[in-house]
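Here is what each chain is made of, one letter per residue.
There are 4 protein chains.
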Amino acid sequence: MIIVTRMDATIAMIDRIREHVEACGVRTYAVDQGHPGRVVIGCLGQSDGLCASAVRDLPGVEHLTEWRTPYRLASRAMARNGGCTVVRIGDGERAAAGGPELLVIAGPCAVEGRQMLRETAHAVRRAGAGALRGGAFKPRTSPYAFRGLEREALLLLAECRRDTGLPVVTEVLDPRQVEAVAEHADVLQVGARNMQNYPLLCEVGRVRRPVLLKRGMAATLTELLLAAEYVMTSGNPDVILCERGIRTFETDTRNTLDVAAIPVLRRETHLPVIVDPSHAAGRADLVTPLACAAVAAGADGFIVEVHPRPEAAWSDGEQSLSPHQFAELMTVVAPFAAAAGRRLSGSPDGAVREGQAA
Amino acid sequence: MIIVTRMDATIAMIDRIREHVEACGVRTYAVDQGHPGRVVIGCLGQSDGLCASAVRDLPGVEHLTEWRTPYRLASRAMARNGGCTVVRIGDGERAAAGGPELLVIAGPCAVEGRQMLRETAHAVRRAGAGALRGGAFKPRTSPYAFRGLEREALLLLAECRRDTGLPVVTEVLDPRQVEAVAEHADVLQVGARNMQNYPLLCEVGRVRRPVLLKRGMAATLTELLLAAEYVMTSGNPDVILCERGIRTFETDTRNTLDVAAIPVLRRETHLPVIVDPSHAAGRADLVTPLACAAVAAGADGFIVEVHPRPEAAWSDGEQSLSPHQFAELMTVVAPFAAAAGRRLSGSPDGAVREGQAA
Amino acid sequence: MIIVTRMDATIAMIDRIREHVEACGVRTYAVDQGHPGRVVIGCLGQSDGLCASAVRDLPGVEHLTEWRTPYRLASRAMARNGGCTVVRIGDGERAAAGGPELLVIAGPCAVEGRQMLRETAHAVRRAGAGALRGGAFKPRTSPYAFRGLEREALLLLAECRRDTGLPVVTEVLDPRQVEAVAEHADVLQVGARNMQNYPLLCEVGRVRRPVLLKRGMAATLTELLLAAEYVMTSGNPDVILCERGIRTFETDTRNTLDVAAIPVLRRETHLPVIVDPSHAAGRADLVTPLACAAVAAGADGFIVEVHPRPEAAWSDGEQSLSPHQFAELMTVVAPFAAAAGRRLSGSPDGAVREGQAA
Amino acid sequence: MIIVTRMDATIAMIDRIREHVEACGVRTYAVDQGHPGRVVIGCLGQSDGLCASAVRDLPGVEHLTEWRTPYRLASRAMARNGGCTVVRIGDGERAAAGGPELLVIAGPCAVEGRQMLRETAHAVRRAGAGALRGGAFKPRTSPYAFRGLEREALLLLAECRRDTGLPVVTEVLDPRQVEAVAEHADVLQVGARNMQNYPLLCEVGRVRRPVLLKRGMAATLTELLLAAEYVMTSGNPDVILCERGIRTFETDTRNTLDVAAIPVLRRETHLPVIVDPSHAAGRADLVTPLACAAVAAGADGFIVEVHPRPEAAWSDGEQSLSPHQFAELMTVVAPFAAAAGRRLSGSPDGAVREGQAA
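If you read the protein sequences in the order shown, they are chains V, L, D and E.
For reference, each letter of the first sequence is one residue, going 1 to 358 in my numbering.
For reference, each letter of the second sequence is one residue, going 1 to 358 in my numbering.
For reference, each letter of the third sequence is one residue, going 1 to 358 in my numbering.
For reference, each letter of the fourth sequence is one residue, going 1 to 358 in my numbering.
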């Protein structure tokens with residue numbers, strides 16, 4: 001059940017409504033719809049015990065509606081001010097997903113050492129990236145493959161953030177590591193393989209760090225939004241969704257980028273949506289056209305793999321861009337960002353990038 | 001085998017090389033690589049009977065290479081001047097696919113009558129479409145569904161062309177109808193269900209009308225290019241490829257637009273590639289973002305369903321745009337076309353559209 | 001609309017009901033539900049013009065129901081006597097699909113010549129096959145691949161039938177060839193690529209030969225049944241459905257055998273259902289376990305590729321069994337057939353096979 | 001690298017070989033190939049540091065080969081005595097997967113209470129099940145759905161084991177719960193959503209309980225075997241693989257049972273393979289034919305959902321069998337098991353079931 005309050009409802013009335021509902025054993029979640037304006041109170045979980053007519057009679061209630069979607073906090077019905085949620089990233093909130101600037105996250109698949117990470121970080125910052133990615137704990141299909149430098153990589157990422165000012169994004173695989181990773185990372189990534197790892201979703205829902213949630217290889221968009229709902233009902237409202245390609249019969253690409261997911265999600269949720277063209281394509285030569293397509297379809301940003309020497313990368317070399325290729329990508333994407341009414345993120349000196357995009 | 005001639009090879013030498021190869025029972029196909037310049041001679045079919053060293057010794061031969069792909073005439077190796085093939089459409093060649101202008105084809109799923117067709121045709125022309133689509137023979141999943149006005153629809157399409165100047169695109173289903181359809185239509189569409197209907201491919205390969213070849217629902221890109229090869233080896237070089245979504249587990253959209261198919265095809269073939277966002281999405285509200293994504297990914301145009309009253313359409317109403325929505329789509333797409341270095345097609349008064357796209 | 005007549009309805013009453021309905025422009029199709037018993041009259045196509053209450057008042061009408069499925073003649077509601085349709089094959093009706101005997105069709109992918117066909121035919125007959133397969137017109141992904149011996153192959157197949165008594169099954173690709181193929185073949189196969197080739201479906205619907213209709217690579221079961229409906233509404237009730245694997249992300253097999261299609265189709269239609277484990281697997285070593293699985297799931301038979309020397313086959317060698325392997329397959333399948341309450345087909349000297357299966 | 005020893009190699013020689021290899025930083029794993037006979041020593045992980053010619057010269061070495069597959073401990077090359085691994089279940093080792101008896105696991109989707117669990121357990125035992133399933137911790141797509149009775153359910157399962165003698169199988173979701181679940185359960189199930197949850201795989205690899213590993217919805221068989229490899233390299237050799245349907249475009253069934261996975265896995269691995277027809281079908285009416293198909297294709301057993309009142313089940317009711325339907329399933333499956341040369345498991349009074357299957 002969703003309760004919409006009257007324009008003239010007071011804070012006390014709203015508190016009273018929520019108390020009434022919670023007394024029936026139903027959690028509530030409230031969002032403003034604007035200033036001045038209505039508040040929407042979402043009733044979470046089973047609301048069997050709630051008597052609709054009793055709720056309707058409470059002072060300040062305008063009307064009740066039913067949830068039309070299985071996800072609730074993630075649904076557009078719960079958008080603040082009817083708009084999109086802007087998820088701010090990093091201590092100084094240097095970067096954000098969902099605002100006028102596109103969020104561009106770039107960096108190596110895995111952190112392989114201090115030198116390569118630093119080199120990449122400076123290069124992507126210069127080219128206009130807004131955040132640095134780098135795998136510390138790597139989910140690998142084979143137990144014999146390199147699984148990341150783990151804690152050492154976290155420290156290197158933190159060091160790079162100090163050097164470059166770029167907030168860092170890294171994947172977390174294990175609910176037992178969430179706290180440790182959250183200490184060093186600005187954004188916790190939940191990978192495609194873990195989209196339905198519920199203990200992990202609940203754990204990242206308990207920390208105060210934005211979560212980058214990747215769509216599973218065979219997940220529907222409803223399942224993706226329900227995974228976001230796990231994070232949100234655990235207390236963390238800052239979820240960034242990421243389309244990264246689904247598994248189909250097509251083998252020319254590693255996965256099939258479902259570009260329609262972007263406008264579908266826009267209609268279904270207020271959460272920001274970015275795209276991972278590197279994993280979708282699995283080939284460096286397709287990353288730029290896919291990033292352009294995503295921006296044109298309305299994405300709030302993208303995350304790409306960049307490595308100083310892709311041919312020598314310990315993992316995902318075929319799909320990694322060199323720093324030079326990444327700079328080219330940014331130049332090619334800029335006019336599409338402008339056509340979409342967006343700016344590229346993270347330009348420390350703003351004007352450059354905006355100038356290009358004009 | 002592919003034979004590359006020397007810069008100074010004369011026409012007589014090239015003719016001699018081809019005669020030599022054809023005498024071994026192998027068909028040849030030659031394309032210029034530029035002016036002045038080399039000629040590339042493709043040897044089609046099994047070249048087991050050909051002695052490589054004998055060919056290498058012929059005057060004018062620079063070197064031989066092997067085909068790297070199962071398709072040959074469609075392969076990039078056979079691009080004229082190393083570029084893309086421009087397929088010109090219509091008597092006055094008013095429209096084209098593969099040139100600097102995007103080809104925009106718009107019109108109803110099925111021709112339902114004179115009035116609705118005329119109304120749609122004028123509206124899409126005003127909004128900047130370069131060609132008119134309209135189904136005369138409809139492939140329908142159920143034998144009980146409306147299968148098109150058939151011959152009557154062909155005449156109405158021809159009438160609309162006279163009125164509006166727009167070349168017309170219509171589907172052909174049956175090899176026995178190819179000639180009759182080609183009499184009235186400017187482009188013969190081979191639908192997704194018929195992508196591997198080889199008798200039909202051979203038949204449309206024998207007429208002098210461009211072919212719009214749609215990718216099958218579960219076809220790989222190699223299979224699509226081999227289907228184009230059937231048309232081309234039958235004598236018709238004018239094939240326009242069309243990505244229209246593939247069938248996957250995802251049900252939020254009717255099909256999954258494989259936007260990566262565009263840059264993959266760009267690397268594999270010299271043929272132009274357009275996109276059908278209407279069938280990919282199956283929902284009118286997603287057509288515009290998908291068209292924008294396709295243009296950003298490098299498509300040479302798109303084909304969309306437009307109906308004067310989508311809610312009353314006899315087929316595909318949910319995915320049809322109203323004329324007003326189509327005009328909006330054109331406005332939204334224009335800056336993405338400009339960002340891609342392209343113009344929108346068919347603007348009768350050019351300047352307007354180009355002005356928007358600037 | 002479906003009209004169910006009373007137990008005591010006379011033939012004259014039934015004729016009167018059908019006349020009434022047909023006078024409203026609606027075709028009818030009637031099947032007996034048993035002796036003595038009801039007749040079910042299916043009203044095909046749009047029955048908007050029919051007044052239900054007028055029909056209900058006609059003498060002999062018991063009640064009316066609505067079609068619950070988009071396919072009608074193929075639907076279980078139209079099963080004769082509530083059972084399965086037995087499709088009889090060949091002049092002496094030596095073989096059948098849907099009866100107590102499983103229909104086993106075996107033979108080469110393509111007819112490559114007299115000797116190999118004869119050798120295969122005798123071998124598969126000895127091992128208990130009930131019909132001979134052999135491609136005369138081959139649908140090939142590439143225009144450069146061998147497309148079959150065409151008319152010559154038809155004559156060789158007819159010759160083999162005279163020699164061995166086995167009815168022959170061969171594919172037809174082109175509506176213009178249907179009559180010629182039907183002259184020589186006992187069963188007309190419509191391949192997976194042509195499942196939605198509607199002119200072809202209509203044409204095979206006009207001849208008096210059973211049709212083996214293969215499921216398309218990405219076709220739903222509803223689409224398969226609607227394809228059968230095209231054949232049936234064109235006048236041919238003898239359709240045998242064939243599950244041959246669908247296209248999925250899995251690459252260990254050429255296609256993914258959808259074994260659940262068998263029981264699903266059993267519930268939806270009265271038509272017999274066989275399986276093609278050769279094309280599903282794409283590997284000879286998996287053909288026998290897949291055939292066993294299909295029989296256990298309730299299939300009415302299977303069609304397998306057998307070649308005297310698979311390693312030298314002009315097409316599909318990897319998935320072809322040698323005659324010896326086919327004989328082994330029959331031995332392994334026999335107890336599963338018995339467990340399913342079925343016999344293997346075509347045993348010239350019956351006892352052997354039945355003995356094994358006991 | 002794989003080292004095959006000579007027939008006359010002594011234990012001391014074998015130990016010396018392993019020491020040599022391990023001294024180079026490479027883990028080893030040895031299996032007997034028969035009595036008397038060779039030992040196969042698998043070298044795990046990167047063997048770059050190993051000098052092949054030095055190994056070849058060690059006493060007792062017959063020859064070296066390379067791994068042909070990315071999985072190693074799971075590969076057929078490491079089968080004991082060249083056969084299949086039999087995974088024994090429960091304290092008295094009452095049940096097993098991979099032996100002459102099929103392993104039949106039956107029980108409710110979720111444990112809903114003492115009474116329903118007891119009722120189900122007794123019923124499935126009477127019908128011949130060899131183990132009891134029941135979810136304590138349920139992975140649910142929505143955070144608002146019932147997530148299981150958790151610890152209480154574990155105690156109820158343990159109680160039922162005492163009552164019926166049936167070993168119990170239950171899912172574990174969280175690496176932090178593995179120890180607690182292992183205390184009460186005989187088999188730890190890793191569900192489809194967690195097939196690539198590597199911390200969980202490592203954790204279940206550290207306990208002494210067989211692991212039932214379900215294939216992910218979009219996982220290839222190679223990925224499934226690499227997931228098993230995670231468990232095995234962590235120390236637990238007792239992995240039972242489970243095919244439970246993959247996600248495809250087909251919507252008549254919840255998933256598409258990939259029945260070919262059974263014979264493919266048989267060729268690739270020595271681990272036992274069972275099937276989950278309940279989740280594959282998503283409909284109770286298809287469970288029996290799918291179970292029969294799986295047994296005919298060579299499965300080592302199956303796991304099915306049984307609920308005393310499916311229509312009232314808290315989850316998965318549509319795919320649950322009633323106890324009566326489960327007993328029917330066992331009767332229908334029995335002759336297919338016999339045809340496959342197997343017996344049904346767990347029959348307390350043996351003769352009955354064996355009698356039926358004879």
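In case anyone wonders, no lab produced these hints; they're calculated from the structure.
There may be inaccurate statements among the hints.
Said to hold, decoys possible - Only some residues are given here: those of chain L computed to face chain D with a beta carbon under 8 angstroms: (1) R27; (2) Y29; (3) D32; (4) R68; (5) P70; (6) M217; (7) A218; (8) Y230.
To be verified - Just the calculated beta-carbon pair ranges, DEER-fashion: (9) D/L64 with E/H324: 34 to 42 angstroms; (10) D/M7 with E/E318: 47 to 55 angstroms; (11) V/R208 with E/R176: 55 to 63 angstroms; (12) E/R176 with V/G49: 27 to 35 angstroms; (13) L/G317 with D/L64: 50 to 58 angstroms; (14) L/E66 with V/Q115: 53 to 61 angstroms; (15) E/E152 with L/E311: 49 to 57 angstroms; (16) E/E311 with V/E66: 47 to 55 angstroms; (17) L/E66 with E/E318: 38 to 46 angstroms; (18) L/G317 with E/R176: 38 to 46 angstroms; (19) D/D15 with E/V332: 52 to 60 angstroms; (20) E/R176 with D/E311: 50 to 58 angstroms.
Ideal Cβ placement from N, Cα and C applies to all residues, glycine included.
Taking the hints in turn, this is what the structure says about them:
1. R27: Hint on L/R27: violated, closest Cβ of chain D at ~10 angstroms, above 8 angstroms.
2. Y29: 13 angstroms, violated
3. D32: 24 angstroms, violated
4. R68: The hint is violated - L/R68 has no Cβ within 8 angstroms of chain D, the shortest such distance being about 14 angstroms.
5. P70: Holds, because the Cβ-Cβ distance from L/P70 to chain D comes to roughly 5 angstroms (cut-off 8 angstroms).
6. M217: Nearest chain D Cβ about 5 angstroms off; hint holds.
7. A218: 3 angstroms, holds
8. Y230: 5 angstroms, holds
9. D/L64 with E/H324: 34 to 42 angstroms: Roughly 35 angstroms apart at Cβ, these two residues keep to the hinted range, so it holds.
10. D/M7 with E/E318: 47 to 55 angstroms: 36 angstroms, violated
11. V/R208 with E/R176: 55 to 63 angstroms: Violated: the Cβ-Cβ distance is about 22 angstroms, outside 55 to 63 angstroms.
12. E/R176 with V/G49: 27 to 35 angstroms: Check passed, 32 angstroms falls within 27 to 35 angstroms.
13. L/G317 with D/L64: 50 to 58 angstroms: 29 angstroms, violated
14. L/E66 with V/Q115: 53 to 61 angstroms: Distance hint for L/E66, V/Q115 is violated at roughly 42 angstroms.
15. E/E152 with L/E311: 49 to 57 angstroms: For L/E311 against E/E152, whose Cβ atoms are near 54 angstroms apart, the range 49 to 57 angstroms holds.
16. E/E311 with V/E66: 47 to 55 angstroms: 24 angstroms, violated
17. L/E66 with E/E318: 38 to 46 angstroms: 56 angstroms, violated
18. L/G317 with E/R176: 38 to 46 angstroms: 53 angstroms, violated
19. D/D15 with E/V332: 52 to 60 angstroms: 44 angstroms, violated
20. E/R176 with D/E311: 50 to 58 angstroms: Given a distance of about 55 angstroms, which is inside 50 to 58 angstroms, the answer is holds.
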